[in-house]
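Asks: Input sequences plus hints: build the corresponding full structure.
Chains as they are written, first to last, in UniProt numbering: chain U, 1 to 250; chain C, 1 to 250; chain B, 1 to 250; chain P, 1 to 250; chain X, 1 to 250; chain R, 1 to 250.
Simulated from the structure, these hints should not be mistaken for lab results.
A quick note: this is a predicted structure, and the numbers were derived from the prediction, not measured.
Heads up, the beta-carbon is just placed ideally off N, CA and C, and yes, glycines get one too.
A couple of the hints might just be wrong.
Covered by chain C, per the in silico footprint, the following chain U stretches (three or more residues, Cβ under 8 Å) [to be verified]:
# : segment
1 : 35-49
2 : 91-97
3 : 231-239
Selected chain B positions facing chain C (Cβ under 7 Å, derived; list incomplete) [what the hints assert, rightly or not]:
# : residue
4 : 32
5 : 33
6 : 228
Sample of chain R residues lacking proximity to chain C, with all beta carbon distances greater than 10 Å (derived) [said to hold, decoys possible]:
#  : residue
7  : 21
8  : 24
9  : 25
10 : 28
11 : 147
12 : 152
13 : 158
14 : 165
15 : 167
16 : 178
17 : 241
18 : 244
Protein chains: 6
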Amino acid sequence: MTVETTRICVINPNTAAAMTELIAAAARAVAPPRTEIVAVTNPMGPESIESHYDEALAAPGLLSVITEMERTDPADGYLIACFGDPGLDAAREVATAPVIGIAEAAFHVASMLGRGFSVVTTLSRTIGRAADLVGHYGFSRQCRGIHATEIPVLDLETNPLTGSILTDACREALRTDGSDAIVLGCAGMADLTAEVGHAIGAPVIDGVAAGVGLLAGMAAMGLRTGTASGEFATPRTKLYTGLPTNFGLG
Amino acid sequence: MTVETTRICVINPNTAAAMTELIAAAARAVAPPRTEIVAVTNPMGPESIESHYDEALAAPGLLSVITEMERTDPADGYLIACFGDPGLDAAREVATAPVIGIAEAAFHVASMLGRGFSVVTTLSRTIGRAADLVGHYGFSRQCRGIHATEIPVLDLETNPLTGSILTDACREALRTDGSDAIVLGCAGMADLTAEVGHAIGAPVIDGVAAGVGLLAGMAAMGLRTGTASGEFATPRTKLYTGLPTNFGLG
Amino acid sequence: MTVETTRICVINPNTAAAMTELIAAAARAVAPPRTEIVAVTNPMGPESIESHYDEALAAPGLLSVITEMERTDPADGYLIACFGDPGLDAAREVATAPVIGIAEAAFHVASMLGRGFSVVTTLSRTIGRAADLVGHYGFSRQCRGIHATEIPVLDLETNPLTGSILTDACREALRTDGSDAIVLGCAGMADLTAEVGHAIGAPVIDGVAAGVGLLAGMAAMGLRTGTASGEFATPRTKLYTGLPTNFGLG
Amino acid sequence: MTVETTRICVINPNTAAAMTELIAAAARAVAPPRTEIVAVTNPMGPESIESHYDEALAAPGLLSVITEMERTDPADGYLIACFGDPGLDAAREVATAPVIGIAEAAFHVASMLGRGFSVVTTLSRTIGRAADLVGHYGFSRQCRGIHATEIPVLDLETNPLTGSILTDACREALRTDGSDAIVLGCAGMADLTAEVGHAIGAPVIDGVAAGVGLLAGMAAMGLRTGTASGEFATPRTKLYTGLPTNFGLG
Amino acid sequence: MTVETTRICVINPNTAAAMTELIAAAARAVAPPRTEIVAVTNPMGPESIESHYDEALAAPGLLSVITEMERTDPADGYLIACFGDPGLDAAREVATAPVIGIAEAAFHVASMLGRGFSVVTTLSRTIGRAADLVGHYGFSRQCRGIHATEIPVLDLETNPLTGSILTDACREALRTDGSDAIVLGCAGMADLTAEVGHAIGAPVIDGVAAGVGLLAGMAAMGLRTGTASGEFATPRTKLYTGLPTNFGLG
Amino acid sequence: MTVETTRICVINPNTAAAMTELIAAAARAVAPPRTEIVAVTNPMGPESIESHYDEALAAPGLLSVITEMERTDPADGYLIACFGDPGLDAAREVATAPVIGIAEAAFHVASMLGRGFSVVTTLSRTIGRAADLVGHYGFSRQCRGIHATEIPVLDLETNPLTGSILTDACREALRTDGSDAIVLGCAGMADLTAEVGHAIGAPVIDGVAAGVGLLAGMAAMGLRTGTASGEFATPRTKLYTGLPTNFGLG
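Replies: So this is what it looks like as structure tokens:
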């Protein structure tokens, strides 16, 4: 690794700037020396992401963050810091550096720390999306359960009981599922990782931290998304109309 | 079934109005008596959908079509007429009637017409998305191959060789894959279904027609998307900012 | 679609004529305009189908119904109205129109109405067969549970508690499995579909109605079982001995 | 093991007595000392089994062989000697001894003799059924290919080239699939097992021999099909009409 | 089968000679006439195998038993009598006769005796390895649960409650899992097979007995591990240093 | 991250010291600042690992390296630098820091850099083990092919054509499999990663570098293998006999 600085762009796909701060802090806490974390808030979309609808509306703004950065000052890696990994495949098409989602990152790391892991998340309505991602990435055998605390995303920071509810849910998930590790199912839980891990005595994986580690490793190896099959090559130039930003490429 | 008319809304997720006409014609050709086809063009997004990026940018406009229709004159079924089934889960959250994607529709019908089917599509860069959907819906065993003609979506209508290239690709796919049926991998191929089927002597399934049949059946049974698990319940009310349309619900 | 009438043959694979009536009524209730339902009772086999043994003994008679109709007045679609889908692949070999089983039909429709569905059936000894079909058709992910009421098939109509037992079982299945929809696991439950659906407030799918919708759609598209791989081509001419009917083909 | 004789009933599901002889010889060649092979020809059904239709018509007669033997002189094990394993689950319900199909037997043995095996069979139209069984029994990973020689079942004995065609197909299958073993896909190939195995220098598994070994082992352990879940318990007593034999139980 | 004697080598992978006796007795109880059981204790490794670490340390000694026997007096089959099937693939490379593990043997036999089976084993820490083997061999569908009694391997013989604890656990497993058969998860339970089976009224499979039956069948057919793909060919000659035995081949 | 140094122990499971140097260099090239690489050669076992037999004989020595280091100066992470990931689960039981295998590491990283990857390895006899690991870790969908160059491990460094043979094989694998990335299937290829990647214009992943990145990330997060299910807890104390080293724990 050279003495140059590695820059990792961490994108908060919702529009809540406070959550971006929380995410940035979690990322910086684990970033290797000489790695800069650039944290960005999505300029358009929902204030929190708790449904398929929210994910769909968050994707264009999230992509505009990447295309803008690519035009001006490309990062060495992009992290999509929402547990539904919204827009991940699209982002891979437009970025020249690797792109990772935090659910993806957390699942990969958790699967190397024991036989099975459990996910503890916010609302039960998001379980389906998490289950889809588990299957899509290939972790059906390792993921033994997805559990909801029923705390909405934006209440995570304000609810004084978040820490204890989350700890109890994680402890119960370990026991019920016979798991060895816990994956936290929302970027907004990142600041509680150490507290919960200490309380339950088991590995607790926050996808933001996991993703920073993975991107730092990829940057050190000089890797980026492959384009040999054509799927992740730059999209063809065409007309995009009716959207608030110029999404045209090239 | 009563004498009332069933209304099926067929949405073209791209912004090309000519393609909407083609799709509407395919839908009307198979609609049962007393079934009205309402065809709508996406008001915002790409002029054709050939990448994950295009899909992500098409979803908000597509969803705005449904939420607008739900506010004014709800349909008895919604069909998303792009083979990547963009925005499908999100649409299910905001519609009070069933929602189907044309890839989904075509896979289901094809799987009941033989042991295996092959997909013949436009650009090879879209194969990955089609493969994801095959796996997601449970058709990994039945789908034996996905083949590209390398004809871009908007060239399908203008290229004088589309019919013969498509026919050759379908015939070859049947042979190579040992399949019994063909699924056409783009709504823009709908007008060629009969021609290709006649030429190759095997079932050729267009997802637009398949979807209309499925939605008509669901309407006759009085069925809509279930909300018992909460995943497809109406999304929670929240702030959506920076988008060209008011996406707020409720 | 032309003004000609579409004829769908609904076959009751057991020998109980009363059940054929019930099935015919369920089929007619959802048939599109200008679609005729021809309901036929199996002339040889068991009076109800509740075991692998019963299924094996029902198949020849069921096939004789199809071969006889093909010789005289071929239908535009055949529906096998027993939840074990007995003889389905064999029927596809001898029919010139599409053939669907009601388990197959119900699974396909249910999988498009939510993330997961539960099956509620008659005797627990039939669960294994239902599970085999779920796996065979590719719905292992979507089907979250198969539950028995322990009501024998022929008691469904006579037991005054059938409606309430079934409703309770469906409600409990939704809750336990976290499902969004219910599939009824016996053609003899078809007349209770609306009652149960109304009571539990979730989509309840009867395979007879689902199958009629699917076959009507296939007929409108002019589709039939593909024979390109040879598997579903007409069986080779040969000698069949010791059976009560001439099963020879050609 | 006691000095009593173990009796294994080998059933030829088709009506061709010459094939029963061939099967009986293959069974006797590998039967352990003090094991008697009782070979029986199906009294009703097709003269060869080469389609789903043939299988469906073979099942009742095959089951009548077992129920008759159970009434008079139950065997210690039953082997269904047709590669489609017709009527297997039904047979398990009515037999008090274990029942095995020859496809099942061959797949199990082959999977313990190398990483992958290939199946070489008669007509290509039977490949679908073999593939279904592979999936059903859990051998999707081990079975690497199913290949047809296009020799009809009844021509196996009369075609002077059967041996050389089969040998060539097996050798080619090993090479193409990267397999370690061959499964012969028809009971009528049993007499060629040694010849082919010698020629290609790899394990060649005939399901008849494999099944005899498995049943002898089960008999020595005193095992029979379990009925705890109820699925394989004796079917309920009921009326069976229109069939040439009394299929009533109890 | 000729009048020659078949010799099956049953290897106890741990160093406890008393357990070898127990295993040998179970093997002899089911061996066909004219089949000799040669029971051997591992000369190096742990006194019992209850972890991945124990398995890794047991493998070299276990392999030395086979290579030594191959040099002097090759057996007609080798059975690895520890439920983790340690060293199985390696053993296949160095033996000229078939090699089977007892977990593998038990799973295969159990899967032919009902729809689903349950495993009842010693310590819960071994469940992961058993689950891996279930998946590896293809029995994910048939194996419905793996249950621990928490009795350490070497206590099985000395704990006066072993029989009743095991019986209770097996009965409960059948009920909870809806299984038809039980697989005993440790060679040290072999002497309790009949007692437990009698008590619960369901098939109970001991892998030692199951393995002897499978190897006897393979020997009768003259089969051995295939080497066509090269994977199970004799390992290349090379230097092995630092080990207590000469592991060099050839 | 503190200013303390992170120590990662990279173990070469074979006894070839020259290969340890090569591996150490690859590890150091990507290690983050303030991360020390401790490279160790296995003191007992084969000089190269090219069979299941070699893997089994390599495991005890490999484990002795870890138990010795744990007794004296525990590392913050252990990397098993052989593509078969020998002894991985056992190592997790005895290490207090995370343990990763290089096949595992490479698969995880490759799966985030495109839709599919291909493995290019040494001898074809090792393909089976690689395929097992692919399935075990959950990458069956992403891994599209495993290809052998037929260069033995110890010839990689001496064969002047290794670079060009490997490059050609990687390029061909990309094309044949439609992959986006390449995984190198042997630690001995680590020094060729950049050369091959440059030549083929696609991401080439060496598991040694990938593993160092993953372990550095885990160390920054303070994570270690979870022991909640008991599977990866320290093995029970017991007697190990006949081995050249004292393998007793505690």
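Asks: Hey, is residue 158 of chain R genuinely clear of chain C, shortest beta carbon separation above 10 Å?
Replies: At about 40 Å from chain C, residue 158 of chain R clears the 10 Å cut-off, so the statement holds.
Asks: Regarding the assertion that residue 147 of chain R does not contact chain C, is the least Cβ-Cβ distance greater than 10 Å?
Replies: holds (21 Å)
Asks: Double-check residue 33 of chain B for me: the hint is only fine if its C-beta lies closer than 7 Å to a C-beta in chain C.
Replies: holds (4 Å)
Asks: Classify the label on residue 152 of chain R as holds or violated, using whether its beta-carbon is more than 10 Å from each beta-carbon of chain C.
Replies: holds (36 Å)
Asks: In terms of beta carbon proximity below 8 Å, does the segment 91-97 of chain U have 3 or more residues touching chain C?
Replies: holds (count 3)
Asks: Quick check for students: does the CB of residue 165 of chain R sit more than 10 Å from each CB in chain C?
Replies: holds (28 Å)
Asks: Hey, is residue 241 of chain R genuinely clear of chain C, shortest beta carbon separation above 10 Å?
Replies: holds (49 Å)
Asks: If I take the minimum Cβ distance from residue 28 of chain R to any residue of chain C, is it greater than 10 Å?
Replies: At roughly 36 Å from the nearest Cβ of chain C, residue 28 of chain R sits farther out than 10 Å, so the non-interface label holds.
Asks: Does the claim that residue 21 of chain R lies outside the interface with chain C hold up, using a Cβ gap greater than 10 Å?
Replies: It holds; residue 21 of chain R is separated from chain C by about 40 Å at its closest Cβ, greater than 10 Å.
Asks: With chain C as the partner, please determine if residue 228 of chain B meets the hint condition of a C-beta pair closer than 7 Å.
Replies: Because about 5 Å separates residue 228 of chain B from the closest Cβ in chain C, which is inside the 7 Å limit, the hint holds.
Asks: Confirm or reject: residue 25 of chain R is not an interface residue toward chain C, with every Cβ-Cβ distance exceeding 10 Å.
Replies: It holds; residue 25 of chain R is separated from chain C by about 36 Å at its closest Cβ, greater than 10 Å.
Asks: Quick check for students: does the CB of residue 167 of chain R sit more than 10 Å from each CB in chain C?
Replies: Residue 167 of chain R is indeed farther than 10 Å from all Cβ atoms of chain C, at 24 Å.
Of the numbered hints listed earlier, the single one contradicted by the structure is hint 16.
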